[in-house]
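Each chain, letter by letter, is given below.
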Amino acid sequence: MSVLWWLVTLLKVGVIFGAVLGIVAYMTLAERKVSGRIQLRFGPNRVGPFGLLQPLADGLKLMFKEDVIPDHVDKVIYVLAPAISTIAAFASYAVIPIGPPTDFFGLLPEPVPLQIADVNIGILYIFALSSMGVYGIVLAGWSSNNKYSLLGGLRSAAQMISYELSLGMSIVGVLMMSHSLSLTRVVEDQSNLWYVFLQPLGFVIFLIAAFAETNRLPFDLPEAEPELVAGYHTEYSSMKFSLFFMSEYAAMFTISAMAVTLYFGGWQGLPGLGSLGIPPVLWFVGKVVFFLFFFLWVRWTLPRFRYDQLMNLGWKVFLPLSLLNILLTGLGLVLLE
Amino acid sequence: MPAVLFYILSLVMLAAALLVVLQTHPVYSVVFAIISFVSLAGLFLILGAEFIAAAQIIVYTGAIMVLFLFVIMLLNLRREDIEERGVSLMKTAGSIGALVLLGLLGGVLAGKISLGPQGPFSQEVIRQAGNTQAVGRALFTDFLFPFEATSVLIFVALVGVVILAKKKL
Amino acid sequence: MVPLSHYLIVSAALFAIGVAGVLVRRNAIIIFLSIEIMLNAVNLTFVAFSRYLDSLNGQIIVFFVMTVAAAEAAVGLAIIVSVYRNRESVDVDRVNLLKG
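Residue numbers (numbering that gives the first Met the number 0), protein chains in the order written: chain C, 0 to 336; chain R, 0 to 168; chain P, 0 to 99.
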């Protein structure tokens, strides 16, 4: 607990938080550019070269918009709800390892892990936070005192808690192979072979449940415009609305980082070949960027599921499949002994 | 440092629990209950029970309280009307009863407690393997029968709830 | 280290608050919430003893208590929903058809 330890930790917090905020801001631009290209048009390209200053313009616009708190809402919970969503989305970055222990080219006396906190229940911590994130949405829908918001909030919360089960069960396969809940251990275990090759079914279930967890298409009925006005964030404006959006993109980033850490080797390079000279942090960032692009790609390609189809899928298809995955992993581990 | 944290967390937990009982609006009660349970998870972390702390947040605040919120919103419960002005007999009796209980329990527990025989799982032993691994090993070896019985219990509850909550059988 | 009796007093206070909630409130859902508070107080006692006696049994029992609490909360809330559908109120003073 020395002064140096505090300084290093605060520096790590600052860098990771800043990077997340930056990536969330540029995700808004990336979404519009990628959607534009998929739809055979350019995205925004007026503000700055290739539209790169667009997030700045968007942020300034949202900040200067009038922050309206309607009269009929439940004021305390109305203001609290986006904060809960955002805290739950951003606090997950404390346990994701972005690189191997490094001592910054000799500046530090001993190597520090590139992870803010190596708790030995890392995966459970991320689950706990995503369970808390459900409250942001359901309280936002309720406090808006508006039947569309309430329905949107309740539907979205029900969808999230249903798919949390499949998400958790599909990760149990990874845990059975790595014998540890700590994310550092899971990453180090994949230096020879990524878990995606050993757990293909688990990975597919994880990916699809990730789409449902973050309320992204094809599972975004609760916030789709033609369906429920705008779902749980109908009555929100300016900064609070942008907080909801930031928390959705941050949740996407968290789930991509989890997918990379659990299935694609984290900051390790290619399986068996090592880092090939490129710093591990860049490998991690590259893989996460690929998953983010995959999220955007799927959004603008697939149509939306109806709500009953969605819930059917979550309970009757993915939950049994993830249990089957656990069974097969267990069988495999026992037979390989 | 853990001592200061213990006092702060216990204070938050007790204050939030008191507010649960004193609030008129059911949704506010549930929000205060969530705050109380999250502080309790913090207390579990101070006691070194990491798996139980995570389970507390995932199961209690993440699932059971969401269920409470859903039921309150489904039944559209509003702020309670204070029909009787003044202090009713029931409320006085209840509060005095709770205070007497607190006095009795506190008096018994603050006195001299002689601890029983120490078990084998000291903090060092647990920290080597990890709290989750130790709990998991104990669950699947010594406590296997209660574990399987609990799964039957949850199954019964699942079927029961679906039937009870249906509009038409 | 914080002495064991401090944990036990905090747990007793939480339990007493839960008891007060059950006795004083009329809304069935708040009564249920107070029962959950009582169960949490008991969980705190178990985990505190598990730490001070160097034994894992306390934590295992807490695991089972949480599971049973979840099942019981679900069934209890389903019953409340059924009662509401019949009596149009969750006030326990109104559910008095058996009253002599």
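Please note that the accuracy of each hint is not assured.
[Stated by the list, open to error] Cut-off 35 angstroms, straight-line C-alpha distance, at most; resulting in silico cross-link-like pairs (DSBU-like, lysine-lysine): (1) P:K98 / R:K166; (2) C:K64 / C:K32; (3) R:K166 / C:K315; (4) R:K90 / C:K315; (5) R:K167 / C:K60; (6) C:K146 / C:K64; (7) R:K90 / C:K64; (8) C:K74 / C:K64; (9) C:K315 / R:K165; (10) P:K98 / R:K167; (11) C:K146 / R:K167; (12) C:K146 / C:K74; (13) C:K11 / C:K32; (14) R:K90 / C:K74; (15) R:K90 / P:K98; (16) P:K98 / R:K165; (17) C:K11 / C:K64.
Just so you know, these hints were derived from the structure itself, not from any lab. Since this is a predicted model, take the numbers as computed values, not measurements.
Hints versus structure:
Taking the CA atoms of K98 (chain P) and K166 (chain R), the gap is about 27 angstroms. The hint holds against a cut of 35 angstroms. Of the pairs offered as hints, the one joining K64 (chain C) and K32 (chain C) holds, with about 24 angstroms between alpha carbons and a cut-off of 35 angstroms not exceeded. For the suggested pair K166 (chain R) and K315 (chain C), the alpha carbons sit about 22 angstroms apart, so the restraint of at most 35 angstroms is met. Taking the CA atoms of K90 (chain R) and K315 (chain C), the gap is about 48 angstroms. The hint is violated against a cut of 35 angstroms.
For the given pair, K167 (chain R) sits about 52 angstroms from K60 (chain C) by alpha-carbon distance, which is inconsistent with the 35 angstroms threshold. A hinted pair counts as satisfied when its Cα atoms are at most 35 angstroms apart, and K146 (chain C) with K64 (chain C) qualifies at roughly 25 angstroms. For the suggested pair K90 (chain R) and K64 (chain C), the alpha carbons sit about 49 angstroms apart, so the restraint of at most 35 angstroms is broken. Pair hint K74 (chain C) plus K64 (chain C) holds up; C-alpha atoms about 19 angstroms apart against a cutoff of 35 angstroms.
As the CA atoms of K315 (chain C) and K165 (chain R) are separated by approximately 19 angstroms, the hinted pair is consistent with the 35 angstroms bound. For the suggested pair K98 (chain P) and K167 (chain R), the alpha carbons sit about 28 angstroms apart, so the restraint of at most 35 angstroms is met. Note on K146 (chain C) and K167 (chain R): the hinted pairing holds, with a Cα-Cα distance of about 25 angstroms set against a maximum of 35 angstroms. At roughly 17 angstroms between alpha-carbon atoms, K146 (chain C) and K74 (chain C) fall within 35 angstroms of each other, so this suggested pair holds.
With a CA separation close to 31 angstroms, the supplied pair K11 (chain C) and K32 (chain C) stays within the 35 angstroms bound. At most 35 angstroms may separate the alpha-carbon atoms for a hinted pair to count; K90 (chain R) and K74 (chain C) meet this at roughly 30 angstroms. Proximity of K90 (chain R) to K98 (chain P) is assessed by CA-CA distance (about 21 angstroms); at most 35 angstroms being required, the pair is judged to hold. Simply put, K98 (chain P) and K165 (chain R) have alpha-carbon atoms about 27 angstroms apart, close enough for the 35 angstroms limit, and the pair holds.
With a C-alpha separation of about 33 angstroms, the suggested pair K11 (chain C) and K64 (chain C) falls inside the 35 angstroms cut-off, and the hint holds.
Of the numbered hints given earlier, the model fails hints 4, 5 and 7; all others are met.
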